[in-house]
Amino acid sequence: MSRTSSTSSGLGRALVAVYGVFALAATARSLVQLGTKADEAPLAYALSAVAALVYVAATLGLAEVGPLPRRLAWAAVGFELVGVLTVGTLTVLDPELFPDATVWSAYGAGYGWLPLVLPFAGIAWLWHTRAVTHP
Amino acid sequence: MDGPLPLVVLVASLLFAAVVLVYVVLDRTPDWGLLGFAAVVEAATLVLLVVAVVQVGGVDLSGGGVVTLFGYLLAGLVLLPIGFLWSLAERSRGATAVLMVAGLAQAFVVLRVMAVWP
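First to last, the protein sequences are chains A and B. Under the working numbering, the first residue of the first sequence is numbered 1, with each subsequent residue one higher. Under the working numbering, the first residue of the second sequence is numbered 1, with each subsequent residue one higher.
Next comes chain B alone, as it looks inside the complex:
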């Protein structure tokens, strides 16, 4: 994937996880700012998926590689929404920490996408 987009999504995901960590430490409940941050990461991941769909024809990827690539990209789309659903059903430090897990998993997914892309 050309351009800095994957790296931007990776850094944004890690930053999101770091911000959530601050929320957990301060025992703050998730607010609209946090939700907005997640929405930005989510939108960037969606753009990443679209870019991958557009560019995948022009790169040398085996059949398994294509499945793996889009598996990770689709996982990247569902992680944050599911994380928020699971997190917001309860108000506790542990529930807020769920968003950190989702953010770190998101970063891992993007890292794997960058590794799979030739």
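Chain A on its own, in the form it takes in the complex:
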């Protein structure tokens, strides 16, 4: 018998809340940036928008909204990890690359390193609640 645990239950509930706050913050920030000064730093603001979508997807996936939520959560959290590591490394090596800060700049140092910690927490939680086969 194969059984998966809910990703939105117990500790997962708090994790969804943290992801939800990031989804709200990143989406709002991105809308303000694109709405008021899109031409100032197009690459940074496009990246902000992508990050916002990733956080929204991770929140919905972990909260078990929609079809195939676990697959959505894995994809979003995986993308998030690659994103924060890539953008973090690029911004540390070449600070001029993005004229305005994004949530993933310098590995999320501007947000208390939470953007770096979150994908690991998400992956750990998805792994912890994965399907376990009971003989």
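Derived from the structure by calculation, the hints contain no laboratory data. All C-beta atoms, glycine included, are put in the ideal place defined by N, C-alpha and C. It cannot be assumed that every hint is accurate.
Said to hold, decoys possible - Label-pair restraints from in silico Cβ distances: (1) A:L34 - B:V56: 20 to 26 Å; (2) B:G33 - A:A121: 29 to 35 Å; (3) B:G65 - A:A109: 20 to 26 Å; (4) A:A109 - B:L35: 42 to 48 Å; (5) B:W117 - A:E40: 34 to 40 Å; (6) A:G78 - B:D2: 47 to 53 Å; (7) B:L21 - A:S5: 21 to 27 Å; (8) B:M114 - A:L34: 31 to 37 Å.
Said to hold, decoys possible - Selected chain A positions facing chain B (in silico; Cβ < 7 Å): (9) L11; (10) R13; (11) A28; (12) L34; (13) T36; (14) A38.
Unchecked claim - Negatives, chain A to chain B, calculated, CB over 12 Å: (15) R29; (16) L68; (17) V132.
Assemble chain B onto chain A, guided by the hints.
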């Protein structure tokens, strides 16, 4: 924003998060006292929004600054209610901890409002 109101809301939000932490540690489920505390923080945030609306005309804020300011204030209004809805649907330590996340996010929002206000 003149007066101690933003600071009061900030401290109240942090205090709320701290009280929730005690609930989580003791594995207590949220009760009416906690809900009442959140309601006070919520009402104070609403007053903060009204004060901002009244005083914003008299301060030097660029267009982006005004949008940012009210974005944060509106976020401050929805954080605790959404947090409670998400938290109360389940009885567990993790679900109670959701309120701590909401309280800390509320404090961060107020901090940002204080920073944006010239």
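Okay, the hints, checked on the actual structure:
Checked against the hint of 20 to 26 Å, the C-beta distance between L34 of chain A and V56 of chain B comes to roughly 23 Å, which is consistent with it. Hint check: G33 of chain B to A121 of chain A, Cβ distance near 30 Å, so the stated range 29 to 35 Å holds. At roughly 24 Å, the beta-carbon separation of G65 of chain B and A109 of chain A lies within the given 20 to 26 Å, and the hint holds. In this structure, A109 of chain A and L35 of chain B break the distance hint of 42 to 48 Å, their C-beta atoms being roughly 36 Å apart.
For the pair W117 of chain B and E40 of chain A, the supplied restraint of 34 to 40 Å is violated, since their beta-carbon distance comes to about 23 Å. At roughly 48 Å, the beta carbons of G78 of chain A and D2 of chain B sit within the given window of 47 to 53 Å. The hinted window of 21 to 27 Å between L21 of chain B and S5 of chain A holds, with their beta carbons roughly 25 Å apart. In this structure, M114 of chain B and L34 of chain A break the distance hint of 31 to 37 Å, their C-beta atoms being roughly 25 Å apart.
Residue-level restraint check for L11 of chain A holds (minimum Cβ-Cβ distance to chain B is 4 Å; threshold 7 Å). Interface hint status for R13 of chain A: upheld, as the beta-carbon distance to the closest one in chain B is roughly 4 Å, under 7 Å. A hinted interface residue such as A28 of chain A counts as satisfied when its beta carbon comes closer than 7 Å to some beta carbon of chain B; here the least separation is about 5 Å, so the hint holds. The interface hint given for L34 of chain A is violated, since its Cβ lies 11 Å from the closest Cβ of chain B, which is over the 7 Å cut-off.
Because the beta carbon of T36 of chain A sits about 4 Å from the nearest beta carbon in chain B, less than 7 Å, this interface hint is met. Restraint check, A38 of chain A versus chain B: the minimum CB separation of about 11 Å is more than 7 Å; hint violated. Annotated as non-interface, R29 of chain A brings its C-beta within 12 Å of a C-beta of chain B; the closest such distance is 8 Å. Its beta-carbon lying about 21 Å from the closest one in chain B, L68 of chain A satisfies the requirement of being farther than 12 Å from that chain.
In this structure V132 of chain A is separated from chain B by more than 12 Å, as the shortest Cβ-Cβ distance comes to about 19 Å.
The structure is inconsistent with the numbered hints 4, 5, 8, 12, 14 and 15, although it conforms to all the rest.
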